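By numbering that gives the first Met the number 0, the letter at position 288 of the sequence shown is numbered 287, and the numbering carries on one by one without gaps.
Honestly, the hints are just simulated from the structure, not real lab data. On a predicted model such as this, the values are computed, not experimentally measured, just so you know. Each hint should be verified, as a subset may be incorrect.
Pair by pair, the computed Cβ-Cβ distance ranges are [to be verified]:
| # | residue 1 | residue 2 | range |
| --- | --- | --- | --- |
| 1 | Lys251 | Val356 | 44 to 50 Å |
| 2 | Val296 | Leu379 | 17 to 23 Å |
| 3 | Asn79 | Ser120 | 23 to 29 Å |
| 4 | Phe391 | Leu275 | 25 to 31 Å |
| 5 | Val137 | Val296 | 49 to 55 Å |
| 6 | Ala293 | Val351 | 37 to 43 Å |
| 7 | Val296 | Arg258 | 16 to 22 Å |
Here are the simulated DSBU-like cross-link-like pairs (lysine-lysine), alpha carbons at most 35 Å apart as the crow flies [said to hold, decoys possible]:
| # | residue 1 | residue 2 |
| --- | --- | --- |
| 8 | Lys115 | Lys245 |
| 9 | Lys168 | Lys135 |
| 10 | Lys91 | Lys240 |
| 11 | Lys168 | Lys95 |
| 12 | Lys85 | Lys115 |
| 13 | Lys185 | Lys116 |
| 14 | Lys271 | Lys251 |
| 15 | Lys271 | Lys236 |
| 16 | Lys91 | Lys175 |
| 17 | Lys154 | Lys85 |
| 18 | Lys115 | Lys175 |
| 19 | Lys116 | Lys91 |
| 20 | Lys75 | Lys140 |
| 21 | Lys115 | Lys95 |
| 22 | Lys271 | Lys245 |
| 23 | Lys168 | Lys116 |
| 24 | Lys85 | Lys168 |
| 25 | Lys135 | Lys185 |
| 26 | Lys75 | Lys154 |
| 27 | Lys115 | Lys185 |
| 28 | Lys251 | Lys95 |
| 29 | Lys135 | Lys154 |
| 30 | Lys91 | Lys140 |
| 31 | Lys91 | Lys271 |
| 32 | Lys116 | Lys154 |
| 33 | Lys185 | Lys91 |
| 34 | Lys251 | Lys72 |
| 35 | Lys135 | Lys175 |
| 36 | Lys116 | Lys95 |
| 37 | Lys72 | Lys116 |
| 38 | Lys140 | Lys251 |
| 39 | Lys116 | Lys85 |
| 40 | Lys168 | Lys240 |
For glycine and all other residues, C-beta sits at the position ideal for the given N, C-alpha and C.
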Amino acid sequence: MFDRDKWQEIFSTIKKNKLRTFLTGFSVAWGIFMLIILLGSGKGLQNGVSKEFDSSATNTIWVWSGQTSLPYKGMKPGRNIQLENKDYDEVKTSVKGIDKSSSRYNIWGNNILSYKKQNGSFNIRNVYPDYADIEKLVIVKGRFINHPDIEHYRKATTISTQVEDALFKGEDPIGKYINVNGVPFKVVGIFTDDDSRDDNMRTIYLPISTAQRVFSGDNRINTIAITVGDASVTESKEIEKEVRTKLATLHKFDPEDPRAIFIWNSLEEFQKFMRLFAGIQSFIWIIGFGTIVAGIVGVSNIMMIVVKDRTKEIGIRKAMGATPFSIVSLILQEAVLITSFAGYIGLVMGVVVLETVGKNIESKFFSQPSVDLQVAVYALVLLVFCGALAGFIPARRAAAIKPIEALRDE
């Protein structure tokens with residue numbers, strides 16, 4: 000039941016000690032403010048790094064060729080390993096657990112694309128159809144290169160929206176032919192990339208079989224990319240080991256040679272980052288909670304002073320029949336009021352800072368700092384609990400005061 004007199008008394012006490020109340024509330028508000036800022040910053044860091052992984056599937060294993068660094072079966076180190084079509088075919092057909100797969104053949108140098116009077120230098124990547132899923136390309140018009148393009152050596156290409164803007168100047172490119180290093184290719188689709196990286200967006204894709212034949216690539220490839228579906232990190236490591244062993248057999252190098260081929264397991268790296276961020280979030284909660292506790296200790300000390308200053312008054316109350324519960328509830332309500340109000344102000348200020356300043360901070364490893372509603376609710380519950388805890392010891396001391404000793408207090 001609402002006790003108007005009790006609340007009037009609480010507000011009267013706070014009003015008489017404005018500076019003391021302000022300083023106490025400020026310590027609590029600062030604690031929750033810093034907790035929100037730290038949690039939001041941790042989320043922003045996580046978003047930034049996750050955005051880097053979003054540019055391609057997070058369950059991908061990438062393979063690049065290298066140079067042997069260990070002797071093997073009488074062969075000296077220093078041999079260059081050149082991946083070929085047969086390597087990709089063997090990996091795709093013999094290694095279990097593969098979901099999507101593609102090899103990639105790059106055409107290096109100054110690649111000139113032209114259409115009518117427009118021309119420019121762009122990247123050319125020659126791949127299989129699954130590569131669109133591996134790189135998470137978004138087809139905005141037409142289609143990506145397909146298996147008939149590969150099988151029939153079609154001169155087809157899928158271009159980025161940036162290439163479209165540079166060459167076609169508003170004209171619909173689908174069905175038109177562009178010159179790729181002097182060779183005409185038909186535009187069959189247009190794509191965009193979620194992360195809009197300049198390197199990806201200045202790119203066109205060709206069927207790898209066509210590019211190898213037209214641009215003298217023979218059977219060479221530069222990269223093998225495979226996805227492992229919903230495999231765990233342990234399972235993906237087994238698949239990675241199988242790939243390395245298979246290529247070691249084909250190219251006759253030591254499977255333990257770290258430089259013969261290079262493999263990057265994005266699932267393993269992604270999980271490492273997720274564990275790291277979980278640790279960061281836990282550390283932030285510890286630091287934030289410590290800051291809040293420091294403020295709560297201040298509240299508790301202030302309430303101890305309040306009890307000491309009101310010893311005689313409390314003694315008179317008890318002499319007139321006040322119960323220990325009424326004394327305890329009075330002190331607890333004052334402590335909860337101060338911590339809850341100050342904490343709410345700190346919470347709101349933290350959210351405002353994240354929404355205004357934080358939203359304008361965008362970098363490679365930091366993006367959109369925020370704190371979700373659930374965390375805010377947890378923080379408020381924590382505040383109320385800590386407020387009650389801060390007032391409990393002073394309240395118990397107040398309830399233990401004996402009327403006769405209180406009336407003797409000077």
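For each hint, the structure was consulted:
{"no.": "1", "hint": "Lys251 with Val356: 44 to 50 Å", "result": "violated, 58 Å"}
{"no.": "2", "hint": "Val296 with Leu379: 17 to 23 Å", "result": "holds, 20 Å"}
{"no.": "3", "hint": "Asn79 with Ser120: 23 to 29 Å", "result": "holds, 28 Å"}
{"no.": "4", "hint": "Phe391 with Leu275: 25 to 31 Å", "result": "violated, 38 Å"}
{"no.": "5", "hint": "Val137 with Val296: 49 to 55 Å", "result": "holds, 53 Å"}
{"no.": "6", "hint": "Ala293 with Val351: 37 to 43 Å", "result": "violated, 23 Å"}
{"no.": "7", "hint": "Val296 with Arg258: 16 to 22 Å", "result": "violated, 57 Å"}
{"no.": "8", "hint": "Lys115 with Lys245", "result": "violated, 47 Å"}
{"no.": "9", "hint": "Lys168 with Lys135", "result": "holds, 26 Å"}
{"no.": "10", "hint": "Lys91 with Lys240", "result": "holds, 14 Å"}
{"no.": "11", "hint": "Lys168 with Lys95", "result": "violated, 46 Å"}
{"no.": "12", "hint": "Lys85 with Lys115", "result": "violated, 39 Å"}
{"no.": "13", "hint": "Lys185 with Lys116", "result": "holds, 17 Å"}
{"no.": "14", "hint": "Lys271 with Lys251", "result": "holds, 32 Å"}
{"no.": "15", "hint": "Lys271 with Lys236", "result": "holds, 13 Å"}
{"no.": "16", "hint": "Lys91 with Lys175", "result": "holds, 34 Å"}
{"no.": "17", "hint": "Lys154 with Lys85", "result": "holds, 23 Å"}
{"no.": "18", "hint": "Lys115 with Lys175", "result": "holds, 11 Å"}
{"no.": "19", "hint": "Lys116 with Lys91", "result": "violated, 42 Å"}
{"no.": "20", "hint": "Lys75 with Lys140", "result": "violated, 51 Å"}
{"no.": "21", "hint": "Lys115 with Lys95", "result": "violated, 47 Å"}
{"no.": "22", "hint": "Lys271 with Lys245", "result": "holds, 26 Å"}
{"no.": "23", "hint": "Lys168 with Lys116", "result": "holds, 11 Å"}
{"no.": "24", "hint": "Lys85 with Lys168", "result": "violated, 41 Å"}
{"no.": "25", "hint": "Lys135 with Lys185", "result": "holds, 23 Å"}
{"no.": "26", "hint": "Lys75 with Lys154", "result": "violated, 42 Å"}
{"no.": "27", "hint": "Lys115 with Lys185", "result": "holds, 14 Å"}
{"no.": "28", "hint": "Lys251 with Lys95", "result": "holds, 22 Å"}
{"no.": "29", "hint": "Lys135 with Lys154", "result": "holds, 23 Å"}
{"no.": "30", "hint": "Lys91 with Lys140", "result": "holds, 29 Å"}
{"no.": "31", "hint": "Lys91 with Lys271", "result": "holds, 27 Å"}
{"no.": "32", "hint": "Lys116 with Lys154", "result": "holds, 21 Å"}
{"no.": "33", "hint": "Lys185 with Lys91", "result": "holds, 29 Å"}
{"no.": "34", "hint": "Lys251 with Lys72", "result": "holds, 8 Å"}
{"no.": "35", "hint": "Lys135 with Lys175", "result": "holds, 25 Å"}
{"no.": "36", "hint": "Lys116 with Lys95", "result": "violated, 49 Å"}
{"no.": "37", "hint": "Lys72 with Lys116", "result": "violated, 57 Å"}
{"no.": "38", "hint": "Lys140 with Lys251", "result": "violated, 45 Å"}
{"no.": "39", "hint": "Lys116 with Lys85", "result": "violated, 40 Å"}
{"no.": "40", "hint": "Lys168 with Lys240", "result": "violated, 48 Å"}
When the structure is compared with the earlier hints, violations turn up for hints 1, 4, 6, 7, 8, 11, 12, 19, 20, 21, 24, 26, 36, 37, 38, 39 and 40 and for no others.
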